[in-house]
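*Asks:* With the hints in hand, could you dock these two chains into one complex?
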Amino acid sequence: MSDLQSRRDLLRTIGAALTTQGALSAQDTQHVHHTVMQAKAAGKYQPKALTAHEYATLQRLADLIIPADERSPGALQAGAADFIDFLCAASDDMKEIYTGGLLWIDDEMRRRYDGKDFLEASPANQTTFLDLIAWRKNASPELNPGIEFFSWVRRMVADAYYTSPIGMKDLGFMGNSAMTEFQVPKEAIDYAVRRSPLA
Amino acid sequence: MLQITRSPRVFDVVVVGSGAGGGTAVKVLTDRGLDVALLEAGPMLNPDRDFKEHVLPYQVDHRGAGPHAEVYFNRSPWAFGYFAAPNGNWTLPGEPYTMASGTDWKWFRSRILGGRTNHYGRISLRFSDYDFQPEDGLGDPWPVTYAEMSPWYDKAEGFIGVTGTKEGLRTAPDGNFLPAIAPRVHEVLVQKSCGKLNIPCIPSRMAMLTKPLNGRAACHYCGQCGRGCRTASAFTSSQAMIFPAMKTGKLTILTGAMARELVSDGNGKVTAVSYVDKATRSERQVRCRAVVVAASACESARLLMNSKSPRFPNGIANGSGMLGRNLTDTVGYSVNGYVPALAGLPRHNSDGIGGMHVYVPWWLYGDNNKDFPRGYHIEIGGGFDMPQLGFGGQCSRHEGYGKKLKDTIREQYGAHVHLAGRGEMIPNKESWCEIDPSRVDQFGIPVLRFHFAWSDHEIRQVRHMEQTFASIIETMGGQVLGTQPPPERGISPGGFIIHEAGVVRMGSDRKKSVLNGYCQAHEVSNLFVCDAAPFVSNPDKNVTLSIVAFAWRASEYLAEEMRKGNV
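One line per chain: the protein sequences are L and X, in this order. Residue numbering for the first sequence follows the working numbering, beginning at 1 and increasing consecutively. Residue numbering for the second sequence follows the working numbering, beginning at 1 and increasing consecutively.
Just chain X, same shape as in the assembly (with noise of 0.2 Å):
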């Protein structure tokens, strides 16, 4: 019999998971003087070590295609190459998750501390006013107002410290900005372009420091945000949050903790997480007054749903039923064009900060000559990129050899321009997740089956988005590159987006939802959920700055509970 190590010592709160709402999390209750221990399913952050962010592709023997050219073959070790940040992968080994029939549904998991701030990014958007009450009947309407929210953005955003400039649209609120960073020459077509064409196209929204803050540098402009930052100038939840909480004395880090269940007393309140230990595959629990899941939300559901007991027999704070409902991702469509106006551009470092400097917000709010409901933005790419293995693709649409497809090669260079839409789902009952009776895994676990569909709306939506991004690229005189399949095969799957969202809901109705506004559990008091999961719906504005935002809302009320003797 596994003999279960319980620690001594009662933390007054357990946050399981370090990304960004974790992290938060983190830095909001040791800032309030609380005992925290964190969770962490994966190994401590080293930037110093795990960084790449400055490495030429030439400084490495295999130039980034794997030890055994794994990049040829589409073996990929790595979800976004060599060179990029470590933040977790498609697949895990010994960590299977299932689909039932005809669900194709990407869960990307990370298991480093930081989670995926370590890589994603980092656009930064608020939601909208109709984002948290819907006019149009769809879906429903958020226990929590834009009002209420604005002010937990503000300090958001002033933490983290995101680029913009006040535009007064409705669909994009303005926020605490830093300045803006100047367009790139590819961007000043685009902006020229949706001008003609009645778009609006503005300052990106990005959590890099265009000016020192919270003693974090300003941006240097390598452009590498992806490969992580070593100045920590463009936002992780490892560097700007964890590492500053660390050194208050405050936090406990447990690594290569995967949390198994939450353990609560007769009266429904958790008492302590139960997690294996990796490196000893032993079973241990760190006892607490309060929990904070943040484990992603499809993990934050997973946890919840494994943690039975007589009193929740279908998973802790279940009784709505409500537990892997409305699961959700990001609609994704994208193309790219060539410009020719942009051939032979002359030389120049157009990095700035990695991604976009500008993008287009949704802009066709109340218009009802379209087909489909809410909404999408448009994100752009473009640029003198540093050639990366992959570079040489471009031959397969050049063909041919010698001076002149080198003199082609060198000529189109920094001349395409990408558009990538960004849409809203809309909530159905077809896509959700489970636990699978028949599977755990390495750790004993049972693992998660999802159930998947996207519907009519969001079809209908990538056909308007291809129909606007041709619109933009023949604008500026471009041709969209390649041929477009049909939207239903055009759309990214579900979950390759990674914003999942919306599967431990909350609502102000307790039949109906699992979390109140304050992302707590409707019937555990001390439980908190703060990732995506709690998200009603999932607007077209990436969801890392709203976790921000309502992570630190929910903790600050948590703190507050404690002190007034309420949790």
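Bound conformation, chain L alone (with noise of 0.2 Å):
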């Protein structure tokens, strides 16, 4: 992910929510400016372990499974590949699943469409390869290397994705803070009471 890129995809963000809620809050405004500093400042990211064909891929993979949307940026912003090639790097094991898994879906998408691998596809393909793999229910002897290996890169950008500054942000953790009082709003209790069978 390039400064550039990743400015852009702020910007497009920052289009969004222009659009869909009239302005952004001060804080998300705050959040947006630094999150491009912590871009800029951390510099590109360099694969330790994978291929640029294969961390392009991861990074494609990533993207497609948690897209960037008008509340927050995505997994390929949060640096979610970043953090699988690094594990890649600091494991043997890691890596066999990594580059085995991501032979095997450039395999499949070659003999699926026109001899093109994952990148090379339109989006439109690679979504209705992602529908076929994302799912237990396709499970099939030749389908599923590839519903093992989808299963561990969603659970691993997801896992990248929540724990990043860009995630807990998306989620709304606002926890582990040092605070002198605990107290619980009487909004949210009302909100979850109302919505239960013990109102």
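No lab work stands behind these hints: they were computed from the structure. It cannot be assumed that every hint is accurate.
Lysine to any residue pairs mimicking SDA-like chemistry, simulated, CA-CA at most 25 Å apart [claimed, not checked]:
| hint | chain 1 | residue 1 | chain 2 | residue 2 |
| --- | --- | --- | --- | --- |
| 1 | L | 95 | X | 399 |
| 2 | L | 169 | X | 403 |
| 3 | L | 44 | X | 510 |
| 4 | L | 169 | X | 404 |
| 5 | X | 106 | X | 486 |
| 6 | L | 186 | X | 196 |
| 7 | L | 137 | X | 393 |
| 8 | L | 137 | X | 407 |
| 9 | L | 169 | X | 346 |
| 10 | X | 403 | L | 124 |
| 11 | L | 95 | X | 74 |
| 12 | L | 169 | X | 408 |
| 13 | L | 95 | L | 169 |
| 14 | X | 211 | L | 185 |
| 15 | L | 137 | X | 64 |
Derived list of chain L stretches under chain X, where covered just means 3 residues or more per stretch with a C-beta under 8 Å from a C-beta of chain X [claimed, not checked]:
| hint | region |
| --- | --- |
| 16 | 62-74 |
| 17 | 82-95 |
| 18 | 133-141 |
| 19 | 181-190 |
Cβ atoms here follow ideal geometry from the backbone N, Cα and C, with glycine treated the same way.
*Replies:* Okay, structure coming up:
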């Protein structure tokens, strides 16, 4: 992910937020600013274990699994592929899963789509293929290696995303900080009780 | 020939182990002006270095997966994750234990100053009157009554600090409480659901400070108690008891000291504790006038069994043959539920004190319609927990990918409840431990061999838990997640709840017990055991508070007996 790309994504996010909500909150603006600054400071991540092609494919998968939306940037921007590559460099078992799984996907894509690998295929063909391997109900001897691999990618992309500053903010986690007292907002209690059979 | 180094100095008391029992003994005995040596098999604790309470996952490169992604391959070197306070593990390199054929026993052992108190759940429940003197004819009575123990519980609570409210329940005796903490949103729903089912759900009793106490700061509500607390607002024996005792000048701490044997003289008195100094792999002895063994229940039994002499051929103080017998753990069973009423809950900080703010004490005492004896309490989890590795595990339930997956995860964040039953196991003849005749650990010390079996009592109790938990979750409009295994497979393995007890039991009949009601060996007047090993039964009321209360009482008694010249 280049700085240019990341800024473009963030600008797109801001654009979407502006059109759907009218304005970004000061907090969101601050967050976007902060994220860009962080990306610039960190520089472009250099894959340690995966080839440039494998890494780019993983980035695309991360982007498809948890995309940016009107609320927040996605797993691509949050560096999910970087986290996975980092662990591939730390563990041969992990590297084997990813190099093998990514090759399997490219192979299958080429057979299905005129010799085009996953990255070369059209977005529509990419998602058509993911629709097959993203569900256990499609289990078959032919697809099982892909279903197994995709569940690894999805789980680790989600792990990477939701433990990142972007993902934590998406969830709205605001804990693990020092407070002088503990209070539970009444509106939160009312919200849950009202929606329950216990109202 | 190995040279054994004897200390020239004779300590008043040697304490073996630095957890809840050893920490209490150290505190009480040094307060009384006695010279104490503390043996700890692990290293010194340094909270500033060892506790990761406020670290966010992304501040660590591997985010908790481990330097070689171990967590993703079920090879985690940490029992409770990378960020948890150091406190031990299910296996220790070079320190095996063995199991009889057919036994599945998990033995969690700690090797650090403070032991398991650095990390434990801090649920602090008094045993009830009927726990000490059972009315159902099962098991044996304790040589102590609730009325005798109540003032010691007062002292224990007053010192470690326990939240709670006066409820007047026989199954959950009231104590000397700090202010309770407000229930979180999911806990309000659980309380209302329980109310509809006529099940009590009351403020939890936890060893976290909702007010400053004894020089320890009040809680700052970061919710990370399991990672250790640098302000010592969550109780640990290391920070609350042992560090202050170090300042008295009365305490000598020997770390890396693996106790091997209690050395006794011809009169049957303990004169020294022999230990292996791990750094030099040499054997040493520290001399003493009395010894408090608080090495954790099974380690204490092992140390006594390994202390053989012509007078005690089957282990010191074991004329009754009861050493190692009546091994128990807590019955464990849990479920997760999804509660749609909580979906999309307005965001707020729900951390509070680490762990539950309300709990369900046992509520069916004396009910003759149920098909199992004794009972259990229910621990409640949920809220906006800090996302950590493993968060992505829920994708296996949702499947798919893309915007819909992201929306679902966001919507359901904080909308789950976790109910865990913690129940009483009745001691049985098939559950015990002994010295394995053919194995030693890396220090040359013979290891334990375990025998363990649940009985139908516990299996039926788990069935009751399963039905009750489903009712509570469904009454709040939720659904239990996953398919529940049959009770005999859903029950936790023995040892897994880490409440092992009973293997050096106390009793008034010296033919049927090792210790008297003061945790003092019937046959060796200067030998005390102060962890959960003396416990005659293992009520559904987590052992730690009672360990502190019994150790406090035993230590005061020991100090008094020494003053009188009786020990």
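*Asks:* Could you run down the list of hints and mark each one as holding or not?
*Replies:* We went through each hint and held it up to the structure:
For the hint pairing residue 95(L) with residue 399(X), the CA-to-CA distance comes to about 23 Å; that is within 25 Å, so the pair holds. Note on residue 169(L) and residue 403(X): the hinted pairing holds, with a Cα-Cα distance of about 16 Å set against a maximum of 25 Å. For the suggested pair residue 44(L) and residue 510(X), the alpha carbons sit about 73 Å apart, so the restraint of at most 25 Å is broken. This hinted pair checks out: residue 169(L) and residue 404(X) have alpha carbons roughly 18 Å apart, not beyond 25 Å.
For the proposed pair residue 106(X) and residue 486(X), the alpha carbon gap of about 21 Å is at most 25 Å, so the pair holds. Straight-line distance between C-alpha atoms of residue 186(L) and residue 196(X) comes to about 22 Å, which keeps the hinted pair within the 25 Å bound. For the given pair, residue 137(L) sits about 18 Å from residue 393(X) by alpha-carbon distance, which is consistent with the 25 Å threshold. For the hint pairing residue 137(L) with residue 407(X), the CA-to-CA distance comes to about 22 Å; that is within 25 Å, so the pair holds.
For the given pair, residue 169(L) sits about 14 Å from residue 346(X) by alpha-carbon distance, which is consistent with the 25 Å threshold. A C-alpha spacing of about 15 Å is found between residue 403(X) and residue 124(L), which places the hinted pair at or below 25 Å, so the restraint holds. Restraint check: the Cα-Cα separation between residue 95(L) and residue 74(X) comes to about 16 Å, which is no more than 25 Å; the hinted pair holds. Proximity of residue 169(L) to residue 408(X) is assessed by CA-CA distance (about 16 Å); at most 25 Å being required, the pair is judged to hold.
Of the pairs offered as hints, the one joining residue 95(L) and residue 169(L) is violated, with about 30 Å between alpha carbons and a cut-off of 25 Å exceeded. Of the pairs offered as hints, the one joining residue 211(X) and residue 185(L) holds, with about 22 Å between alpha carbons and a cut-off of 25 Å not exceeded. Distance check on the hinted pair: residue 137(L) and residue 64(X) sit about 32 Å apart at the alpha-carbon level, beyond 25 Å; violated. With 7 residues having a Cβ less than 8 Å from any Cβ of chain X, the region 62-74 of chain L passes the three-residue criterion, so the hint holds.
Taking a C-beta to C-beta cut-off of 8 Å, the region 82-95 of chain L contributes 7 residues in contact with chain X, enough for the three needed, and the coverage statement holds. For a cut-off of 8 Å, the count of residues in the region 133-141 of chain L with a CB near a CB of chain X stands at 3, and the three-residue condition holds. Using a Cβ-Cβ cut-off of 8 Å, 8 residues of the region 181-190 of chain L lie near chain X, which meets the minimum of three, so the contact claim holds.
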